[in-house]
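*Asks:* Produce the entire structure from the sequences given, and follow the hints as far as they go.
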Amino acid sequence: MPTVSPKRRLAAGAALVVAALVTTTACGGGDGDDDNGKGAGYNAALNNVAKPSKKTGGTLRMVGKQDLDSADPQRAYYGMSWDFMRFYTRQLVSYDTKPGKAGTKLVPDLAKATAKISADGKTYTYELRDGLTWEDGSPLTSKDIKYGIERIWAKDTITGGPGYLRQALDPKGEYPGPYKDKSKDKLGLKAIETPDDKTIIFKLPKRNGDFEQFLAMPSGSPVKAAKDTKAKYTSRPFSSGPYKFDSYKPGKKIVLVRNDKWKKASDPIRPALPDKIDVTISANLEENDKRLMAGDYDVDLNGTGMTQSGRVTAIQEHRDSVDNMHTSFVRYVALIHTAKPFDNVHCRKAVFYATDFAGLQRTRGGKIAAGDVANSTFPKAIPGYSDYDPYGILKRSALTGKAKEKADAESRAKAKDELKQCGKPNGFSAKLTARNNNPGEVDTAEALQAQLKKANINIEVESLDGADSASITGSPSVVKKRGYSMQMSGWGPDFPSGQGYAQPLFDSRFLVENGNYNESQIKDKKIDGLFDKAIAETDPVKAGEIYKQLDKRILDDADWMPFLYEKNITWRGPRLTNAYMSDAYNGRYDYVSLGVSSK
Numbered sequence: 007m008p009t010v011s012p013k014r015r016l017a018a019g020a021a022l023v024v025a026a027l028v029t030t031t032a033c034g035g036g037d038g039d040d041d042n043g044k045g046a047g048y049n050a051a052l053n054n055v056a057k058p059s060k061k062t063g064g065t066l067r068m069v070g071k072q073d074l075d076s077a078d079p080q081r082a083y084y085g086m087s088w089d090f091m092r093f094y095t096r097q098l099v100s101y102d103t104k105p106g107k108a109g110t111k112l113v114p115d116l117a118k119a120t121a122k123i124s125a126d127g128k129t130y131t132y133e134l135r136d137g138l139t140w141e142d143g144s145p146l147t148s149k150d151i152k153y154g155i156e157r158i159w160a161k162d163t164i165t166g167g168p169g170y171l172r173q174a175l176d177p178k179g180e181y182p183g184p185y186k187d188k189s190k191d192k193l194g195l196k197a198i199e200t201p202d203d204k205t206i207i208f209k210l211p212k213r214n215g216d217f218e219q220f221l222a223m224p225s226g227s228p229v230k231a232a233k234d235t236k237a238k239y240t241s242r243p244f245s246s247g248p249y250k251f252d253s254y255k256p257g258k259k260i261v262l263v264r265n266d267k268w269k270k271a272s273d274p275i276r277p278a279l280p281d282k283i284d285v286t287i288s289a290n291l292e293e294n295d296k297r298l299m300a301g302d303y304d305v306d307l308n309g310t311g312m313t314q315s316g317r318v319t320a321i322q323e324h325r326d327s328v329d330n331m332h333t334s335f336v337r338y339v340a341l342i343h344t345a346k347p348f349d350n351v352h353c354r355k356a357v358f359y360a361t362d363f364a365g366l367q368r369t370r371g372g373k374i375a376a377g378d379v380a381n382s383t384f385p386k387a388i389p390g391y392s393d394y395d396p397y398g399i400l401k402r403s404a405l406t407g408k409a410k411e412k413a414d415a416e417s418r419a420k421a422k423d424e425l426k427q428c429g430k431p432n433g434f435s436a437k438l439t440a441r442n443n444n445p446g447e448v449d450t451a452e453a454l455q456a457q458l459k460k461a462n463i464n465i466e467v468e469s470l471d472g473a474d475s476a477s478i479t480g481s482p483s484v485v486k487k488r489g490y491s492m493q494m495s496g497w498g499p500d501f502p503s504g505q506g507y508a509q510p511l512f513d514s515r516f517l518v519e520n521g522n523y524n525e526s527q528i529k530d531k532k533i534d535g536l537f538d539k540a541i542a543e544t545d546p547v548k549a550g551e552i553y554k555q556l557d558k559r560i561l562d563d564a565d566w567m568p569f570l571y572e573k574n575i576t577w578r579g580p581r582l583t584n585a586y587m588s589d590a591y592n593g594r595y596d597y598v599s600l601g602v603s604s605k
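Under the working numbering, read the sequence shown as residues 7 to 605, first letter to last.
These are computed hints drawn from the structure, not numbers from a lab. Yeah, the Cβ is synthetic: ideal placement off N, Cα and C, and Gly gets one too. A portion of the hints provided could be inaccurate.
[Unchecked claim] Dumping the calculated DSS-like pairs for lysine-lysine here, alpha-carbon to alpha-carbon at most 30 Å:
#1 Lys60 to Lys270
#2 Lys186 to Lys196
#3 Lys386 to Lys410
[As the list claims (entries may be wrong)] Quick list of simulated restraints, FRET-style, between CB atoms:
#4 Lys107 to Asp538: 22 to 32 Å
#5 Lys426 to Pro177: 39 to 49 Å
#6 Lys128 to Lys412: 56 to 66 Å
#7 Gly489 to Lys531: 21 to 31 Å
#8 Asp203 to Lys128: 17 to 27 Å
#9 Ser189 to Asp393: 47 to 57 Å
#10 Thr319 to Val261: 23 to 33 Å
#11 Ser477 to Ala271: 39 to 49 Å
*Replies:* In structure tokens, the structure reads:
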């Protein structure tokens, strides 16, 4: 048999995936009976519960290509980390345990009810449930919730997590955090009051319609001050949920066991079905897929989809264990403004015109397997998305054959014109990062490299471990030192609104030295002002129109280049029960609901 080049193998694999999916969709899924006799087949967990069951016991076996970015709830920012933390953290409010869009509804967790909100929209009051405990059996109080939130202000120690609560409760940055608080009263952040152990009150300087969404993030989790080991807390968090840490070897293994002090009567959300959660971290993506299909593991921790070879085998041979999940993730390339020549808008526009977006889509598996070509910086499900397309991306991507070749040539000519306008008529060189443990990302970066070369834009691709994102690509000083000027990655909403999706990416006030996600390093007061205007708007339709203005400005200035609205081929192990895709967790399964059967 003649050998096939890597690029040819990738293209062949993508074609097989698409063909197999079309066949599967036409034929429907098979019947994999669970303990209740209800079937599960292809796409059974898409907007539905696959194999519903109340059976407890057994070990849920997970495998991940990379570790949690942090096990500390105030420091984590990866979506899969937030999903996993449902096992051992709780919040005042959390997301409902229902499939699809229904899972984005906020429901009471530690609190008896969602907030009592004052008439001016600035004061939120909660009363806690009875029977809340820590893993040592001690009572969990309102002061523990306040202290956990206050840790976010210790930015030099508690690094990497989202900054929404800081912005909402202390926009001037006056509170120094619990580790540097030298005030006489030691009452901590004045915007949070705890008049008794069962009551907590938040007083916002200005209204924010998404405030309860902030509290639903793990950064809103309680932390017991006596167990706070500061930067080392990530090594052994103290549990308020149904599971606690038995062992944690970063980059290798996580084992959670039942927290026998957790009281089901105090927790309406978490069914706590397995006896143990066992997570193996392995960077060998293809081997992980093989072992998933062999039954050694039940589910992928990271939830970013199978490799190209894994997809083909799974769809052709195990289609009843496959879900083709839609997500709210956008795959993109950040064009870093502080790196020359990307301080010039015309050099940034040249990249847009020189990119073959349909080619990147094919590299990742094609429309059916990988998702639609992106034109907007916003996902389709988030208010702010529009069909605005200043670079003709959608029209060009829809063409085929000679028409496509002609359109691509015309677009490259526009790229060369933009290069002249930015003073680089002969092109320029740049360095692009891509994560080697994110399926298809390095291949996509290399495809982009080949495309841009046709316009004399010479890209060097540097692959990195995704677990290092916060400390390398998330550090502007490290980015500058290493000479990076482009970063390929993916992003999904922290919560389903324009603020929850876009603010960490584009607001200059979210640009930080560690754990930075404004990777283009955009500093635009007009963008910041549009965020302020949209956030203060209580009508979501009107807020969406403001976010459309923001989207248009970013595209017109070529600040950040989206290229794909992602779908995933996801493995659902035949032992899994209660598996459903949740929009609250960007198309991953809601891990806290999963159980395992004996079959």
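*Asks:* Could you run down the list of hints and mark each one as holding or not?
*Replies:* Tested hints:
no. : hint                         : in the structure
1   : Lys60 to Lys270              : holds (14 Å)
2   : Lys186 to Lys196             : holds (15 Å)
3   : Lys386 to Lys410             : holds (25 Å)
4   : Lys107 to Asp538: 22 to 32 Å : holds (28 Å)
5   : Lys426 to Pro177: 39 to 49 Å : holds (43 Å)
6   : Lys128 to Lys412: 56 to 66 Å : holds (57 Å)
7   : Gly489 to Lys531: 21 to 31 Å : holds (28 Å)
8   : Asp203 to Lys128: 17 to 27 Å : holds (24 Å)
9   : Ser189 to Asp393: 47 to 57 Å : holds (52 Å)
10  : Thr319 to Val261: 23 to 33 Å : holds (29 Å)
11  : Ser477 to Ala271: 39 to 49 Å : holds (42 Å)
When held up to the earlier numbered hints, the structure conflicts with none and fits them all.
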